[in-house]
Amino acid sequence: MFRNQYDTDVTTWSPAGRLHQVEYAMEAVKQGSAAIGLRSKTHVVLATVNKASSELLSHQKKLFKIDNHIGIAMAGLTADGRVLSRYMRSECINHNFVYESPLPVGRLVVKVADKAQVCTQRSWKRPYGVGLLVAGTDETGPHLYQNCPSGNYFEYQAFAIGSRSQAAKTYLERKYGTFMECTKEELIRHALFAVKESLQEEELTSSNCGLAVVGIDDKFEIVDQKKLQAYIDSLEDATKEEPAAAEEDQPAHVEAGALLVRESSGGVEIPADGDGPAPMET
Amino acid sequence: MTGKQPYVGQALDSPHAFTLAPGPTKHTQYPYVTGTSVLGIKYKDGVLIAADTAGSYGSTVRYKSVERLKPCGKHCLIGASGEISDFQQILTYVDKLILNDYMWDDGNNLSPRDIHNYLTRVMYNKRNNFDPLWNTLVIGGVKNGEKYLGVVTMIGVQFEDNHVASGFGNHLARPIFRDEWHENMTLEEGTQLLEKALTVLYYRDRSAINKVQVANITAEGINISEPYALKTNWEYKAFKNPTAGAVGSW
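So the protein sequences, as listed, match chains P and R. Under full-length UniProt numbering, the letters of the first sequence match residues 1 to 282, in that order. Under full-length UniProt numbering, the letters of the second sequence match residues 1 to 250, in that order.
Simulated from the structure, these hints should not be mistaken for laboratory data. Fair warning: this is a prediction, and the values are worked out from it, not measured in the lab. C-beta atoms are modelled at their ideal positions from N, C-alpha and C, and glycine is treated no differently. Where hints are given, some of them may not hold.
[Said to hold, decoys possible] Once the Cα atoms are required to be at most 20 Å apart in a straight line, the calculated SDA-like pairs of lysine to any residue come out as:
1) R:Lys143 - P:Asp217
2) R:Lys96 - P:Asn94
3) P:Lys111 - R:Lys126
4) R:Lys96 - P:Glu100
5) R:Lys96 - P:Val98
6) R:Lys126 - P:Tyr99
7) R:Lys96 - P:Arg107
8) P:Lys111 - R:Trp104
9) R:Lys147 - P:Ser101
10) P:Lys111 - R:Tyr102
[As the list claims (entries may be wrong)] These stretches of chain P come out as covered by chain R in the derived footprint (C-beta under 8 Å, 3 or more residues):
11) 97–105
12) 129–141
[As the list claims (entries may be wrong)] Residues from chain R that keep clear of chain P, each with C-beta distances beyond 12 Å, as calculated:
13) Thr53
14) Tyr63
15) Ser85
16) Asn162
17) Phe168
18) His182
19) Thr199
20) Asn210
21) Thr218
22) Pro227
23) Gly245
24) Ala246
Please put together the full structure from these sequences, using the hints given.
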């Protein structure tokens with residue numbers, strides 16, 4: 001990613017048809033510490049790598065509860081993430097006030113994506129520098145989405161964003177076939193293994209990672225440190241995975257880089273009856 | 001709802017140069033064409049809601065084929081008493097909601113509970129602005145196996161129950177329901193109960209007519225019957241020579 005004469009303004013196209021400022025915003029997401037998400041038929045688990053730049057510093061909060069049925073993990077400019085999570089909480093609570101029922105995850109994700117898109121088309125704004133993994137449940141089951149600074153959103157079975165996310169992604173790619181049938185505990189273990197991959201040589205403790213779970217009939221909960229340590233200790237009993245070699249991320253495109261098991265963007269798991277929705281154009 | 005009021009120009013030397021013209025009154029002060037009671041009960045397979053098809057213009061029974069029960073989406077039915085034009089307005093609001101769901105096409109659909117709460121917000125909000133929709137709404141439906149039956153009034157009062165009624169139905173039908181309603185009635189039992197209440201209403205409510213519709217909402221869908229007449233009996237001895245015991249012109 002080199003400087004060029006078309007990257008000063010977010011509203012300037014490059015001759016190659018790219019908005020460099022938007023891509024630079026996605027770079028900011030890649031520089032942030034990793035966030036990982038994966039889902040089964042009943043639950044969605046979010047895990048984060050909490051890197052503190054010094055021993056004296058407490059860890060940044062990267063997991064946010066949005067509503068009883070939705071939570072997010074962020075990577076990138078966490079300040080931008082806080083603003084977005086405040087917006088998401090507001091939308092959820094407004095919907096609840098009018099309808100007394102939870103806002104479907106997919107619809108919230110689109111609201112956030114539309115908000116992000118506005119910032120890519122105004123000369124006096126800048127794109128949000130945060131990527132979100134949105135985990136939630138609604139009438140149609142558990143879902144995991146990613147929101148990009150570009151205004152794109154994708155649904156995933158499992159995904160990782162942020163620095164050294166490729167290592168986690170490689171682990172997820174290997175194992176995702178089994179995720180749908182996993183129990184809550186198995187899913188949590190997979191998430192922690194994926195975090196381990198991103199941490200590479202560092203030891204996994206309850207102070208350098210975060211974990212949250214949401215499921216059908218299971219309110220979104222950020223797992224507290226004691227329980228988290230217990231989960232980590234239980235990993236020792238499971239077989240160890242070989243750490244995957246860290247790979248260079250692909251140069252950024254307007255859509256995010258190397259993707260994992262992308263479902264029809266904008267679509268949702270189809271219910272048993274009826275056809276699925278038409279995939280939106282990317 | 002607030003538009004710009006037109007300015008009426010006057011002679012520049014008059015003390016009222018450029019005053020606001022009085023705009024049209026946009027507040028519903030009183031109803032004109034009204035529907036009478038709506039009745040609703042839960043039964044084994046779902047919800048039954050009934051109403052007659054009369055639209056009264058004050059004391060005149062002016063319109064006799066007014067459909068006061070309308071389906072909204074696949075899971076929900078709304079019945080209204082009160083001002084018919086306000087009911088039609090409410091239907092446009094709900095229609096927009098249903099259309100929104102249809103356009104999303106993401107497997108998420110509004111439940112009867114969602115619609116009930118939405119309408120409560122609308123009714124209460126308009127009441128607070130002294131511009132009510134002059135209706136009492138009965139909302140019923142079945143979604144994900146859950147039977148739902150509730151009421152919203154023109155001032156935004158909201159509640160749910162196993163059997164509900166609006167207007168005169170509250171005074172004449174509810175006592176019958178309290179005595180004779182029980183859990184898991186069959187379709188036949190439920191329909192009979194509603195018809196008994198509707199007959200009493202026809203005898204005693206001057207705005208009611210003998211042309212009724214009964215709507216059945218189950219997990220399979222919504223079915224609104226064609227209008228039909230109730231069996232009535234006018235052969236009671238007391239009906240012959242009704243003024244026998246009350247001579248005079250009063």
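Hints, verified against the model:
A C-alpha spacing of about 17 Å is found between Lys143 (chain R) and Asp217 (chain P), which places the hinted pair at or below 20 Å, so the restraint holds. Restraint check for Lys96 (chain R) and Asn94 (chain P): the C-alpha separation of about 18 Å stays at or below 20 Å, so the hint holds. Using a Cα cut-off of 20 Å, the hinted pair Lys111 (chain P) and Lys126 (chain R) is violated, with the two alpha carbons roughly 27 Å apart. With a C-alpha separation of about 18 Å, the suggested pairing of Lys96 (chain R) with Glu100 (chain P) holds against the 20 Å cut-off.
Only pairs whose Cα atoms come within 20 Å are accepted, and Lys96 (chain R) paired with Val98 (chain P) is accepted, the gap being roughly 15 Å. Under the criterion of a C-alpha separation no larger than 20 Å, the hint pairing Lys126 (chain R) with Tyr99 (chain P) is consistent with the structure, at around 17 Å. For the proposed pair Lys96 (chain R) and Arg107 (chain P), the alpha carbon gap of about 17 Å is at most 20 Å, so the pair holds. Simply put, Lys111 (chain P) and Trp104 (chain R) have alpha-carbon atoms about 12 Å apart, close enough for the 20 Å limit, and the pair holds.
Distance restraint check for Lys147 (chain R) and Ser101 (chain P): the Cα-Cα separation of roughly 16 Å lies within the 20 Å cut-off, and the hinted pair is therefore satisfied. At most 20 Å may separate the alpha-carbon atoms for a hinted pair to count; Lys111 (chain P) and Tyr102 (chain R) meet this at roughly 17 Å. For the segment 97–105 of chain P, the stated coverage by chain R holds: 6 residues have a C-beta nearer than 8 Å to a C-beta of that chain, and at least 3 were required. Figure legend: the segment 129–141 of chain P, annotated as covered by chain R; annotation consistent (3 residues with Cβ-Cβ distances under 8 Å, at least 3 required).
Its beta-carbon lying about 31 Å from the closest one in chain P, Thr53 (chain R) satisfies the requirement of being farther than 12 Å from that chain. Once the 12 Å rule is applied to beta carbons, Tyr63 (chain R) is consistent with being away from chain P; the minimum gap is 33 Å. Listed as outside the interface, Ser85 (chain R) is consistent with that label: its C-beta sits roughly 24 Å from the nearest C-beta of chain P, beyond the 12 Å cut-off. Every CB of chain P lies more than 12 Å from the CB of Asn162 (chain R), the least distance being 20 Å, so the non-interface label holds.
Every Cβ of chain P is farther than 12 Å from the Cβ of Phe168 (chain R); the closest lies at roughly 30 Å, confirming the non-interface assignment. At roughly 28 Å from the closest C-beta of chain P, the C-beta of His182 (chain R) stays outside 12 Å, upholding its exclusion from the interface. In this structure Thr199 (chain R) is separated from chain P by more than 12 Å, as the shortest Cβ-Cβ distance comes to about 36 Å. The non-interface label for Asn210 (chain R) is consistent with chain P: the shortest C-beta to C-beta separation is roughly 38 Å, beyond 12 Å.
Against the 12 Å criterion, Thr218 (chain R) stays outside the reach of chain P, whose nearest CB is about 16 Å from its own CB. The Cβ of Pro227 (chain R) lies farther than 12 Å from every Cβ of chain P, with a closest approach of about 33 Å, so its non-interface assignment holds. Non-interface call for Gly245 (chain R) relative to chain P: holds, since the shortest CB-CB distance, roughly 55 Å, exceeds 12 Å. At the 12 Å boundary, the C-beta of Ala246 (chain R) stays outside the reach of chain P, the nearest C-beta of that chain being 53 Å off.
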